[in-house]
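Protein chains in written order, with the working numbering: chain B, 1 to 130; chain F, 131 to 258.
Quick caveat, the hints were computed from the structure, so don't treat them as lab data.
Heads up, the beta-carbon is just placed ideally off N, CA and C, and yes, glycines get one too.
Careful, some of the hints might be misleading.
To be verified - A few chain F positions that, by computed beta-carbon distances, are all more than 10 Å from chain B:
id, residue
1, A154
2, R175
3, A203
4, R226
Said to hold, decoys possible - Estimated spans, in silico, between C-beta atoms of each pair:
id, chain 1, residue 1, chain 2, residue 2, range
5, B, S67, F, G169, 21 to 29 Å
6, F, L183, B, D33, 43 to 51 Å
7, F, Q213, B, M90, 30 to 38 Å
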Amino acid sequence: MSHHEHPNATLAREMDAKMKAEGPQAMADYVADDVEWHEIGRAEPIRGKAALAERWAGMSDMGGSFSVDLHDVIANDDHVVELVTATVTMGDKTFTYRTAEIMHVRDGKITARWAFSDDTAAINEFFAGM
Amino acid sequence: MTEHPSATLIRQGLAALNRGDIQALADMLADDVEWHEIGRAEPIRGKAALAALYGGAPLPDSEITAELHDVVANDDHAIALVQATARRGGETLTYRTAEIFHVRDGKVAARWAFSDDTAAINEFFAGT
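Bound conformation, chain B alone:
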């Protein structure tokens, strides 16, 4: 049985392709101005596109780089879930981890994002202080 992909899943795939081609700043085109961006290890989300752009720029300034392998993306009208294997390089350290990226999408823009993983302690340890 084959089902057509939900438009929000197609949107997420487009975002992933554009970020691969142009870098993480390309995500700005897909994020709502009032986005709430929840990160593993942070009690409070990053609020707003401008603050998120600062966060990404800060990671880049620290010499961090990400590569993301999109394993699958599944969506309905309420949620988009990306299954991702991410590899981050920071100086001479490299760390690979898997996440489910859970997003709300409204009018073609991401309004909220959460990241779940199978070992958040390892993620928190790697990103400590960043």
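Starting from the known structure of chain B, arrange chain F on it as the hints suggest.
The following block gives chain F in isolation, referenced to the frame of chain B:
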């Protein structure tokens, strides 16, 4: 857009869990299911091994209820967004998971659980 049949299967499974219908849960698993759990390096392999580990309850000496927030599915994956409440002794832990499933021929063939704080989950279930 109609719901994918794998999403319907997962909704039925969560409903079975919440009414304590262990047989219905077992019926939705493939015989060779790979059941990955937070805090375990290796999956539990096979329906029989899963039944032997948990017997008649989802977790020994524990009670878990799961509130299904949403489920998304395509032909390759079904993902349930769940808020679970676990009670063990006098302790209660409420946590959120993305329950990720492979479904083959109408049966769950593999399951992974992701969360936003696996350390808290590991601490709560330590020793089970």
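Next item on the list: Quick one: which hint numbers does this structure break? Sort them smallest to largest.
Entry: 3 and 4
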